[in-house]
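Enquirer: So you can see what is in the structure, the chains are spelled out below.
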Amino acid sequence: MIPRSVIIFKNVRLVIKADKLLQQNGIVCKIVPVPTFISSECGMCIETAANDCSAITRLLTDKGFVFDIRAVD
Amino acid sequence: MNRYFDNAGTSFPKPKEVSEAISDYLVNVGGTYGRAAYGRAFDATAKVEACRDSIAELFGVSDSSKIAFTANSTMALNTIIKGLPLKGKTVWVTPLEHNAVMRPLTKLQKAGVLSIRVLPACADGVVDLKQLKDLKPDNAGLFVINHQSNVSGVVQPIAEIAQWAGDIPVLVDGSQSVGYRSLQLEAWGIDYFAFTGHKGLMGPTGIGGFYASNPQRLQTLIEGGTGSMSDSFEMPDEMPDRFQSGTPNMVGIIGLLAGMENRPQPSLSAQDVADLIGFVKSLKGFSVIGALPGHEHGSVFSFVHDILTPSQIARIFYDEYGLEIRSGLHCAPAAHSFYGTFPQGTARIALSPYHTTRDLSYLCDALEAISNRY
Numbered sequence: 001m002i003p004r005s006v007i008i009f010k011n012v013r014l015v016i017k018a019d020k021l022l023q024q025n026g027i028v029c030k031i032v033p034v035p036t037f038i039s040s041e042c043g044m045c046i047e048t049a050a051n052d053c054s055a056i057t058r059l060l061t062d063k064g065f066v067f068d069i070r071a072v073d
Numbered sequence: 074m075n076r077y078f079d080n081a082g083t084s085f086p087k088p089k090e091v092s093e094a095i096s097d098y099l100v101n102v103g104g105t106y107g108r109a110a111y112g113r114a115f116d117a118t119a120k121v122e123a124c125r126d127s128i129a130e131l132f133g134v135s136d137s138s139k140i141a142f143t144a145n146s147t148m149a150l151n152t153i154i155k156g157l158p159l160k161g162k163t164v165w166v167t168p169l170e171h172n173a174v175m176r177p178l179t180k181l182q183k184a185g186v187l188s189i190r191v192l193p194a195c196a197d198g199v200v201d202l203k204q205l206k207d208l209k210p211d212n213a214g215l216f217v218i219n220h221q222s223n224v225s226g227v228v229q230p231i232a233e234i235a236q237w238a239g240d241i242p243v244l245v246d247g248s249q250s251v252g253y254r255s256l257q258l259e260a261w262g263i264d265y266f267a268f269t270g271h272k273g274l275m276g277p278t279g280i281g282g283f284y285a286s287n288p289q290r291l292q293t294l295i296e297g298g299t300g301s302m303s304d305s306f307e308m309p310d311e312m313p314d315r316f317q318s319g320t321p322n323m324v325g326i327i328g329l330l331a332g333m334e335n336r337p338q339p340s341l342s343a344q345d346v347a348d349l350i351g352f353v354k355s356l357k358g359f360s361v362i363g364a365l366p367g368h369e370h371g372s373v374f375s376f377v378h379d380i381l382t383p384s385q386i387a388r389i390f391y392d393e394y395g396l397e398i399r400s401g402l403h404c405a406p407a408a409h410s411f412y413g414t415f416p417q418g419t420a421r422i423a424l425s426p427y428h429t430t431r432d433l434s435y436l437c438d439a440l441e442a443i444s445n446r447y
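Residue numbers (our numbering), protein chains in the order written: chain A, 1 to 73; chain V, 74 to 447.
Treat each hint with caution, since some may be false.
[Claimed, not checked] Once the Cα atoms are required to be at most 20 Å apart in a straight line, the calculated DMTMM-like pairs of lysine to aspartate or glutamate come out as:
#1 A/K17 with V/E311
#2 A/K10 with V/E311
#3 V/K354 with V/D197
#4 A/K63 with V/E311
#5 V/K160 with V/D211
#6 A/K63 with A/E47
#7 A/K17 with V/D116
#8 A/K63 with V/D126
#9 A/K10 with V/D207
#10 A/K10 with V/D310
#11 A/K17 with V/D310
#12 A/K10 with V/D116
#13 A/K30 with V/D116
#14 A/K30 with A/D68
#15 A/K17 with A/D62
#16 V/K160 with V/D240
#17 A/K63 with V/E393
#18 A/K20 with V/D136
#19 A/K63 with V/D136
#20 A/K10 with V/D126
#21 V/K155 with V/E296
None of these hints come from the bench; they were simulated from the model.
Please construct the entire structure, taking both the sequences and the accompanying hints into account.
Expert: Dropping the structure here:
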C-alpha cells in the first residue's frame, strides 16, 4: 500500500485553491474529510501520496499557502 | 418591448443563465459550503469560491479572501458600521446616503455612540472636492460615500475622496454602481465596499457582500458555525470564515456567478442616456434631478412634475402605458431632503443593459403625452 499523507489548511477556500494548483501541476490528489485523529473539523483536506509531499511543499510554499502535512498511514 | 424601468430597485430581466444555474443547482447539484468532503460538497464549495474570485477581479482586488458574502448591501453596511471602533467618533457622510447607512448610523447616534456630519457638496450632491481640501475632519472615525445615488444617479469621486481621507477609513456603498462602473478598489485605497448581487450584477435577490481591505479591524456582527475551527467556541480570525457564519445563500451565490458571467453589454450608450435626460428636461412641466454638467452620472435619474405627484405619474405610467417605475422617497430621505423633494419624493427612471433605443422612444412618447395633457 502506498503511504498517504493529508494536507490541512485553515479553511476550505484554501483547500479549493490548493487543489486547483496541485492538479494544474499534475499532482494526483483527492479531497477527503479531515481525519478525526487530526481534527473533528467538518471540512475537507487533500490526500496525496506521501512521496509527493516534497514537491507539494515546494509548490504550495512558493505560492504563499500556509498548510500542514500529516501522515495518515 | 421592455417597459421595466425600475432596475435601481432590482434588475430585470436577468440573463437566462441565472435561472438555469439556480435550477441546475436545486435539481441536479445540491451541496453546501465547506461542511463535508464528498464530491457534491466540494463542487458546491468550488462554485462559491469561483464567485468570490470573480467579484475580486471585478473590484480590482488581488486577494479574494477579503470578499465576504452577506444577504444584501444593507447587511454588509450594517456589518461594517457596527463592526468598526466608532465610539466617540464623528462619521462623515454625503448628503445622498440611503437609509441602509443612515438608519444604523442614526441608531448609534441616538445611543450616544457617535455623531454624524455631512460632507460639503455641490448643488447636485456630489462631494465638493475644492471645499474638501479646506475641511479639517477632527475626530473622524469613518467616511461613508454612496458611490452612485439611487435617486439622482450622480456618481461620487470615491478615488479622490479616499486619497484625501488618508488613514481614516472610507466605506463606499456600491449598491447602485457595482456592475455598471469600473472599479479599482485597491488602487483607489478604498477600505470597505458594500455591494448587492441583484442590481447591476444581474444576480438574484438575497445575496450581497463586502470587501474589507483590513478585515481584522472589523468586529463580527454575527457569530456561528463556519465549518472551520469546529472544536472552538471562538470565531476564526481567518477570512472569509470570519464573516461567513452559517450556511451561505448557495442559490444566491450560484445565481450571482451566472449573472456576472453572462452580463450583457449595454445596448444604450452614455449619449443615449444623456439624450433621454435632456429630452425630459425639455418637456413642459418636468424637472430632472441629476448630475450637473461635468459630473459623472449613472443610468438612473429622477424627475418631478409641476402638477402631478410622483405617485400619480407612476400610476399613469403603469395604467396607461405599462411602464414600471418607482415613485416616492426610494429609502433615501436624506437625498430627497437635499434635493428639495422631501416629503413627496420623485418618480425615478433606472435603465438596464437590456434597454434599447426603441424602449426609450416608447418611454419618451409617454412622457411627452403626459406633458401635453397636463
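Enquirer: Against this structure, judge whether each hint is valid.
Expert: Do the hints match the structure? See the list:
no.	hint	verdict
1	A/K17 with V/E311	holds (15 Å)
2	A/K10 with V/E311	holds (7 Å)
3	V/K354 with V/D197	holds (15 Å)
4	A/K63 with V/E311	holds (18 Å)
5	V/K160 with V/D211	holds (14 Å)
6	A/K63 with A/E47	holds (19 Å)
7	A/K17 with V/D116	holds (13 Å)
8	A/K63 with V/D126	holds (16 Å)
9	A/K10 with V/D207	violated (47 Å)
10	A/K10 with V/D310	holds (10 Å)
11	A/K17 with V/D310	holds (19 Å)
12	A/K10 with V/D116	holds (19 Å)
13	A/K30 with V/D116	holds (13 Å)
14	A/K30 with A/D68	holds (16 Å)
15	A/K17 with A/D62	holds (14 Å)
16	V/K160 with V/D240	holds (17 Å)
17	A/K63 with V/E393	violated (61 Å)
18	A/K20 with V/D136	holds (16 Å)
19	A/K63 with V/D136	holds (13 Å)
20	A/K10 with V/D126	holds (18 Å)
21	V/K155 with V/E296	holds (14 Å)
The structure is inconsistent with the numbered hints 9, 17, although it conforms to all the rest.
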